[in-house]
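So you can see what is in the structure, the chains are spelled out below.
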Amino acid sequence: MQTKHPYLTIFFTFLKIGLFTFGGGYAMISLIEREFVSVKKWISSEEMMDMIAISESTPGPLAINSATYVGYRLKGFWGALLATLAVTIPSFVIIFVISLFLDQFLALTVVANAFKGIQVAVAVLILTAGLNMLRQMKKDALSIAIFVATFVVMILIDALAWNFSVIWLILIGGVLGLCFYGVSALRAKARAKGQVREELSEAVGENTACPAAVLASAAEAQGRAKPEAEARDVSESEVETSETAESAQSGEQVKVIHRQPAEAPARSDEFAKDEKERGE
Amino acid sequence: MIYLKLFLTFLKIGVVSFGGGAGMFAIIEDEVLTHGWMSADMLLNFFAVSESTPGPIAVNIATFVGASQGGILGAFLATLGVILPSFLIILLIAAVFKNFMKNSAVQGALIGIRPVIVGMILAVAVTLFVGVALPSYPAFETMEIDYRAITIACGLLGTYFFAKHVCKRTLSPIMIILIAAVLGMVLYAF
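One line per chain: the protein sequences are A and B, in this order.
Residue 7 is where the first sequence starts when you use the working numbering, and the numbers rise one by one after that.
Residue 181 is where the second sequence starts when you use the working numbering, and the numbers rise one by one after that.
Quick caveat, the hints were computed from the structure, so don't treat them as lab data.
Treat the hints with care, as some may be off.
For the chain B half of the interface with chain A, some residues (derived, Cβ under 8 Å), not all of them [to be verified]:
(1) L184
(2) L188
(3) G200
(4) A228
(5) Q249
(6) I301
(7) Y368
What the simulated footprint calls covered on chain B by chain A, stretch by stretch (three residues with Cβ under 8 Å from a Cβ of chain A suffice, anywhere in the stretch; the number is not a length) [claimed, not checked]:
(8) 204 to 218
(9) 229 to 241
(10) 257 to 268
(11) 286 to 299
(12) 324 to 335
(13) 352 to 363
For glycine and all other residues, C-beta sits at the position ideal for the given N, C-alpha and C.
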């Protein structure tokens with residue numbers, strides 16, 4: 007970065023981004039890309055892809071996530087702080103001023119009628135956002151099951167006026183995803199151990215006294231993998247127990263990934279592809 | 181203590197919100213209605229204004245709700261609450277765990293979270309449609325049907341899908357809101 011006042015440049019660029027992007031996250035990301043990748047060339051397009059993937063996999067507004075990330079990459083903590091502040095300030099000021107007048111504004115009959123129409127538009131906007139996400143969602147059995155369950159529970163919550171926070175649904179989804187992740191990692195491990203056992207028994211031949219321990223440990227690993235596989239079908243009430251089991255195994259999952267370099271990159275490629283599609 | 185409540189509520193929203201503005205709306209609606217801060221009607225108006233003004237929708241709507249409940253300090257605290265988790269999480273990732281997101285249990289958790297968000301957004305859309313079409317829902321005894329709202333919904337969806345599949349253009353949110361405003365002014369005038 008050769009600019010004389012990098013902090014000022016960061017601040018004013020993000021102020022501009024905050025002021026001129028309508029329609030949320032993705033519009034903002036394309037503007038960040040134009041400003042920092044194409045025009046200023048401060049960050050590479052690869053890093054931009056990383057940034058989008060990270061912003062999408064973490065909670066919070068996409069615009070804030072990407073501003074913080076880009077700011078940090080450029081100028082450390084203060085860069086991150088300035089970028090985040092700058093992207094927030096225009097929204098804050100504009101909305102605060104509007105909020106002062108909205109009530110008087112809504113008292114006009116014409117405006118109130120317009121807003122009755124606009125409320126329908128909000129439903130349409132949320133519907134189209136949801137349909138777009140549904141189209142990009144992975145269509146495996148787990149995803150579809152979680153999707154349908156969430157949809158039904160949400161409708162029931164509304165219809166029966168249940169007192170149940172949607173935050174729990176997100177947490178349950180996260181735990182189910184973790185269990186699934188743990189199970190697939192363990193299965194890969196069990197498969198690897200099975201191969202090792204076959205190779206070993208071939209190599210040792212008739213001498214069965216020595217590899218007995220190896221066989222026992224391999225059998226144990228497979229036996230352990232089984233109850234974990236059942237955990238995949240746990241109902242939502244049982245989630246917590248399987249989570250503990252899962253975290254106990256997490257140390258071994260790391261090893262699995264190291265032992266199977268061929269599988270791990272494939273996994274991350276898949277995610278990268280997924281993120282890319284979502285980004286478009 | 182409304183200020184503390186605003187800050188903590190939006191801090192919570194900031195921690196669990198995935199899926200952009202629409203995903204956030206489901207969570208914000210849930211929290212705001214539970215606290216009884218405003219009516220579902222007013223929240224829909226806020227969301228529409230947030231969609232049609234620049235900046236992140238989450239920040240807009242946090243500022244709105246905060247300002248309506250606690251003036252400028254309320255707006256400031258709600259906004260701070262909603263951006264603080266993002267800021268800290270991203271800072272941590274950018275500074276410490278560069279490859280944390282790519283190859284870890286976090287991606288595993290996201291396998292489960294993504295479909296929840298999609299289901300949540302679509303369920304909210306359905307309940308919003310029911311809400312505008314049947315203003316008395318879920319009280320079935322005094323059922324009234326708002327035919328104007330249904331007309332507007334059909335008109336908007338028709339225009340949206342026509343533009344998408346026939347003209348190969350995605351209508352911007354502002355365009356949809358403007359069309360709906362005009363339809364509302366015309367239809368509800370009589």
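Holds or violated: is the Cβ of G200 of chain B closer than 8 Å to a Cβ in chain A? Check passed: Cβ of G200 of chain B comes within 5 Å of chain A, closer than 8 Å.
Less than 8 Å between beta-carbons is the criterion; does A228 of chain B satisfy it with respect to chain A? holds, 4 Å
Under 8 Å, Cβ to Cβ, is where Y368 of chain B needs to be relative to chain A, so tell me if that hint holds or is violated. Where the cut-off is 8 Å and the nearest Cβ of chain A is about 4 Å from Y368 of chain B, the hint holds.
Residue count check for the stretch 352 to 363 of chain B against chain A: does it reach three with CB-CB under 8 Å? holds (count 10)
Against chain A, does the stretch 324 to 335 of chain B show at least 3 residues with beta-carbon separation below 8 Å? holds (count 4)
Holds or violated: the hint that L184 of chain B contacts chain A, with Cβ atoms closer than 8 Å. violated, 19 Å
Taking the least C-beta to C-beta distance, is I301 of chain B closer than 8 Å to chain A? holds, 4 Å
Could you check if L188 of chain B really has its C-beta closer than 8 Å to a C-beta on chain A? violated, 13 Å
Three residues minimum, CB to CB under 8 Å: does the stretch 204 to 218 of chain B make the cut for coverage by chain A? Let me know. holds (count 7)
Is the coverage entry for the stretch 257 to 268 of chain B by chain A consistent with the three-residue Cβ rule at 8 Å? With 6 residues closer than 8 Å to chain A, the stretch 257 to 268 of chain B meets the three-residue bar; holds.
Taking 8 Å as the Cβ threshold, is the statement that the stretch 286 to 299 of chain B is covered by chain A upheld or broken by the three-residue rule? Since 14 is at least three, the answer is holds.
Mind checking the CB of Q249 of chain B against every CB in chain A and telling me if the closest is under 8 Å? violated, 10 Å
Violated hints, listed in ascending order, are 1, 2, 5; each of the other numbered hints is respected by the structure.
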